[in-house]
Amino acid sequence: ERAPADRPGERAPADRPGERARLFIALELPAAVREAVVAWRSAAVRDAAGLRLIRPEDLHVTLCFLGWQDAAAVGSIVSACTAALAGRRAAALEVAEAIWLPARRPRVLAIALTDRGDGLFEVQGVLSRVLAAGGWYRPETRPFLAHVTVARVAQDRRSARRGTLREPPAIAFEGSRVTLYRSRLGAGGARYEALASRELVRRGA
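Adding 719 to a residue's 1-based position in the sequence shown gives its number in this note's numbering.
Hints were generated in silico from the structure; no laboratory data involved. Computed from a predicted structure; not experimentally measured. Glycine is no exception: its CB is placed at the ideal position from the N, C-alpha and C atoms. Mixed in with the good hints there might be a few duds.
Pairwise CB distance ranges (calculated) [stated by the list, open to error]:
| # | residue 1 | residue 2 | range |
| --- | --- | --- | --- |
| 1 | Glu912 | Gly806 | 21 to 29 Å |
| 2 | Ala851 | Gly923 | 27 to 35 Å |
| 3 | Ala750 | Val920 | 26 to 34 Å |
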């Protein structure tokens, strides 16, 4: 699944009326998982050149990238997602391996997640269908890959050979909080603003 800031040069369409908002839906990471990922990254890429690290507070799992939408549609998008996620259970996830994406001329360094029981796959699927039905989302043609982007590769370094990295800690966790974000582009990179969140049903609840 394409991460929302993979297109840093993108700008809002100028020929459409009304305020526009660049939106995406993501699964938040528990604080302890985020801290462990940041600690691993600090050691793993200490000497790697041409990488721009993602701010710790911005680490997430992208589920659906909606792109530029009418800001007035946010309420309808939230309502559709809330209804689609009602009764859905939290996903059983585990930090797996470090991967370069795409494999040829990588643009990002990411951590792949093991989705035990396909819970996150199902959440992403139901969101994809309801958002596509509302006209807010064009489903990806590639299979959904649960991952966390931890760094971006500078454009002039994308052809460089990338070696293997030390593996991240195999942390198991529940993914239970789904959030609609607004991405505000700027000279220092995108800033993410949480607009609405929905808690999935915790396992054992």
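| request: Can you let me know if the beta-carbon spacing of alanine 750 and valine 920 is within 26 to 34 Å? | output: violated, 20 Å
| query | When you take the CB atoms of glutamate 912 and glycine 806, is the distance between them in 21 to 29 Å? | reply | For glycine 806 against glutamate 912, whose Cβ atoms are near 28 Å apart, the range 21 to 29 Å holds.
| query | Using the C-beta atoms of alanine 851 and glycine 923, is the stated range 27 to 35 Å upheld? | reply | holds, 32 Å
Going through the hint list in order, the structure does not satisfy hint 3, though it satisfies all others.
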